[in-house]
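Following the hints, put chains E and X in place on chain D, whose structure we already have.
Protein chains in written order, with the working numbering: chain D, 1 to 371; chain E, 1 to 288; chain X, 1 to 330.
None of these hints come from the bench; they were simulated from the model.
Computed from a prediction, not measured in an experiment: that's the story for all the values here.
C-beta: ideal position from N, C-alpha, C; glycine also.
Heads up, a few of these hints could be off.
Stated by the list, open to error - Covered stretches of chain D, as calculated for chain E (at least 3 residues, CB under 8 Å): (1) 100-110; (2) 177-186.
To be verified - Okay, the calculated bits of chain D under chain E, using three or more residues with CB under 8 Å as the criterion: (3) 115-129; (4) 190-202.
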Amino acid sequence: MGAWSVISGYGSMFPDRLPPPRPSPARGRGGQRSDTVLILRRLAGALPSIVGVIVVTFLLTRALPGDPAAYFAGPAATQQAIEEIRHKLGLDRSLPAQFVDYLGRLAHGDLGTSLTTGQPVSDDLLTRLPASAELTLLGLLLSVAVAVPLGIAAAARPGSWVDHLCRVVSTAGVSLPTFFTGLLLVYVFYYLAGLAPAPLGRLDIFSSAPPQWTGFYLIDSLIAGDLETFRAALAQIALPAATLAIFSLAPLARMTRASMLAALGSDFVRTARASGLTRRRIVYVYAFRNAVLPVITTLGMVFSFLLGANVLVEKVFAWPGVGSYAIEALIASDYAPVQGFVLAMALLYVLLNLVIDLVYGLVDPRVGVEA
Amino acid sequence: MSAAAVATTGALRQARYVLGENRVTGFAFAMLLFLVLCAALGPSLVPYDPLASDTANALKPPSGAHWFGTDQLGRDLLSRVVVATRLDLGIAVASVALAFGAGTLMGIAAGYFGGWIDRAVGRVVDTIMAFPLFVLAMGIVAALGNNVANIVYATAIINLPIYARVARAEANVRRDAGFVEAARLCGNGEGRILLAQILPNILPIMMVQISLTLGYAILNAAGLSFIGLGVRPPTPEWGIMVAEGASFIISGEWWVALFPGLWLMAAVFCFNLMGDGLRDIVDPRRRT
Amino acid sequence: MSGDAAAAVPLLTVDGLSVEFRTRSGTVKALDRISFDLRRGEMLAMVGESGSGKSVTAYAVMGILDEAARVAGGRIVFGGLDLLRAGEKTLAEMRGRELAMIFQNPRAALNPIRPVGAQIADVLRRHGNVAAAQASGRAVEMLAKVGIPDPERRARAYPFELSGGMCQRVMIAMALACEPALLIADEPTTGLDVTTQAVIMDLIGGLAAAQEMATLLITHDLGLAAETCDRIAVMHAGHVVEVAPTADLLAHPRHPYTAKLIAATPGRRSTRLDDLAAIPGALPDLRRSELPACRYSARCERCTEDCAAPPLPQMAFADGHHVVACRHPL
Chain D
1 MGAWSVISGY GSMFPDRLPP PRPSPARGRG GQRSDTVLIL RRLAGALPSI VGVIVVTFLL
61 TRALPGDPAA YFAGPAATQQ AIEEIRHKLG LDRSLPAQFV DYLGRLAHGD LGTSLTTGQP
121 VSDDLLTRLP ASAELTLLGL LLSVAVAVPL GIAAAARPGS WVDHLCRVVS TAGVSLPTFF
181 TGLLLVYVFY YLAGLAPAPL GRLDIFSSAP PQWTGFYLID SLIAGDLETF RAALAQIALP
241 AATLAIFSLA PLARMTRASM LAALGSDFVR TARASGLTRR RIVYVYAFRN AVLPVITTLG
301 MVFSFLLGAN VLVEKVFAWP GVGSYAIEAL IASDYAPVQG FVLAMALLYV LLNLVIDLVY
361 GLVDPRVGVE A
Chain E
1 MSAAAVATTG ALRQARYVLG ENRVTGFAFA MLLFLVLCAA LGPSLVPYDP LASDTANALK
61 PPSGAHWFGT DQLGRDLLSR VVVATRLDLG IAVASVALAF GAGTLMGIAA GYFGGWIDRA
121 VGRVVDTIMA FPLFVLAMGI VAALGNNVAN IVYATAIINL PIYARVARAE ANVRRDAGFV
181 EAARLCGNGE GRILLAQILP NILPIMMVQI SLTLGYAILN AAGLSFIGLG VRPPTPEWGI
241 MVAEGASFII SGEWWVALFP GLWLMAAVFC FNLMGDGLRD IVDPRRRT
Chain X
1 MSGDAAAAVP LLTVDGLSVE FRTRSGTVKA LDRISFDLRR GEMLAMVGES GSGKSVTAYA
61 VMGILDEAAR VAGGRIVFGG LDLLRAGEKT LAEMRGRELA MIFQNPRAAL NPIRPVGAQI
121 ADVLRRHGNV AAAQASGRAV EMLAKVGIPD PERRARAYPF ELSGGMCQRV MIAMALACEP
181 ALLIADEPTT GLDVTTQAVI MDLIGGLAAA QEMATLLITH DLGLAAETCD RIAVMHAGHV
241 VEVAPTADLL AHPRHPYTAK LIAATPGRRS TRLDDLAAIP GALPDLRRSE LPACRYSARC
301 ERCTEDCAAP PLPQMAFADG HHVVACRHPL
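Chain D with its partners taken away, still in its complex shape (with noise of 0.2 Å):
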């Protein structure tokens, strides 16, 4: 489909209507389909958003208007510490020269060197990610685990309270600011009510952080078998992951009701309903494994707007995720980690994609047929 088959494919802001299926690579003869060719043309497709990615957040470092070197000299640097950096970085060679010398940094995973905290970039930031991981997946998982199951009831049950529901949920969430709702959730559950701890990050002052095995603070801890550490960890990433569900819960609900509607009303569930099948069986295996499909492509539209309020929910709750490190960066004017933030979580963007629109080809047996 070429240059108009985005990774995300959604078409207006917060869909409301199915998108179209996503493009496909050829299938093999006599119906058989190769996965391994699916997976290598997906691959294949991505690459174009990669080298895109990688040429912008170039461009955007060495291009613009204003002194690059001024910029990863940071703003206490003298005229002579700017003429290093300048020359250390190969800012004083030809824009093409340049390319090469950032591509090659690259390849060897060189994001350059942070000001404020003096390490390397890309260790700062994979010391971080898994902070940032944990709470984003977290939300998500949340998300899903309501909006899915009220979209299928709202769509089940037309007119009734939670039909009516969904659709508020789903108007009014995508007014909600998300760095609102975050302190809005303090204000009630931390101060009001006393529920919640205080929002200084992932472990209260009393607990320590759990063996690292995966980084995620609720698995480390519980592998080690320590309970109160396990706790405390959840019960500091409640609100922060309760704020990102809520913002994603918008799109995810509005999808799943539109979806589920649009099945149950197709000819493939009138016939199903002629049969005399279980309601059961039409509702989960025939109406919604169809009704999914559409729900897994907003999941791309969604990875988009919660990378984005990740940002927002690391700073109202001060997460030492991603989101923070480049924000305390931008603050200190400390320019190239904002750079290594942007570049890595558009790679890490295009790499979630990738693997939503493999999902999707795995669960949907139309797509590997030649459009």
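Below, chains E and X alone, put in the same frame as chain D:
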């Protein structure tokens, strides 16, 4: 009557009908008018100077004298929130105008001409959408410099793909429509057809997008200023006001963050409702 | 065509059935006191224009009417049981087992992401007291029975991999898997090419004869009905206007609408557009609260003043085998 005039009067008549019929859309429209009034007349009508600090009166809860209370420097929050409307709406409108202008032109060219234009525009749009949008906005502002103009540019860039896609799809559909053929037969050049025939014809659909993305643009701008980009204190702006109020909400002074946040929510909500209502006018098939 | 109808008591009796739809622009009286019956082993066609209520009748019998529909009166007696008074649980048990239905546009009527064999197996497991392991085997048997070549492989195929005709065979396999007593076929061959049409109708006819199954064929194609069915019921605007054995109906139509319908059906000799005799007028707006007793009266040349006054008469001819709803039959 030209195609544009016919399209506009038709749309206006329909708009008036639907606004009357559907109370929710009417309500959203009323709220929108209120916000525009705040933006236009707010600074002249507010009771206090939004920048005037009065430390003796710092952190006072809402009262008769200060409906929204005061912030940590004793400034009246109501005045600040109302005055901030102008800045926030201004940023949103400017960025959406840019995104709409550039995106629509790119999109209709891509949809109408196809070929290399389509591929080129597609690459640009794909590249922008390969980034998580808020993160890209952060990167752009960080690269270009930390000021309001760059917030506008960054927000415009990340909203551009939506317009490009919708415009492309609509132009593609209309490429071989009757009225386009007729214009071609009259000897109109391709460019003229694009601007005088296709563009006015797709305007109603683009209006829906504009309303929806205005809400998103406000959220985006507020988010960027929340993390310290763009607008600096003491300028009143909803995002930084919430940021300033964040530290106080934990100690119980809820009004400093709440009122700017609620106002922000109301504005976004109103644009979203308008967008939904407009969508019902323009394309009833898409009603949820 | 199947042989003579056997049992004295009809398998299906629709008596005075009325169905309404609530819509934004008013209540549509889609069916108004329609009555007909169907015996074991016979094939009855319901013929009429689009919007005459044929499909609504079928859906009412199966009990799968839309949410907006309301049965306003009448009975549907199937094997001694009034389907309209039966609970949803009973109906769900019967659907797919005692009564089955096949639809127009077969590819869309099958689950697109489920192999066709599994879909047939679903029906078998639900109704046939068949264990999961045996269900797939039986499904393959059914596919063979409806004439699908290489049924083992085809059972694993998805609907999009099959042609329209094959999809319709799959639907027939699903419907007939539990040997129902009644099959309702809603425009089963519309959209298929002529050769496939004939083959599908032959298949249905053959299977029906073998199982002594009654068939209700819904179609707008009078020619198709004439070729395949024992009796024909003509519908117009929610009324059954005439019911008669096929030969009798075609030779001696008694309702003016039927006559026009026969005249409008392209025969072998019609070569020009002028040869097609269109029926003047259109279906009446069924949302009106004051509809005349005979809904054809606006389009009818034989209409008089008393045609509008209720009740709609039922006249019987040929020992009650030929029924007409008209004050001035031909």
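Count residues of the segment 115-129 of chain D with a Cβ under 8 Å from any Cβ of chain E, then say if the count reaches three.
Violated: only 0 residues of the segment 115-129 of chain D have a Cβ under 8 Å from chain E.
Does the segment 177-186 of chain D contain three or more residues whose Cβ lies closer than 8 Å to a Cβ of chain E?
holds (count 7)
Given coverage of the segment 100-110 of chain D by chain E, checked by CB-CB distance under 8 Å (3 or more):
Coverage by chain E is violated here, the residue count being 0 at a Cβ distance below 8 Å.
Okay, the segment 190-202 of chain D and chain E, do three or more residues pass the C-beta test at under 8 Å?
As far as the segment 190-202 of chain D goes, the hint holds, because 4 residues have Cβ atoms under 8 Å from chain E.
In summary, the structure is inconsistent with hints 1 and 3 from the numbered list given earlier, while agreeing with the others.
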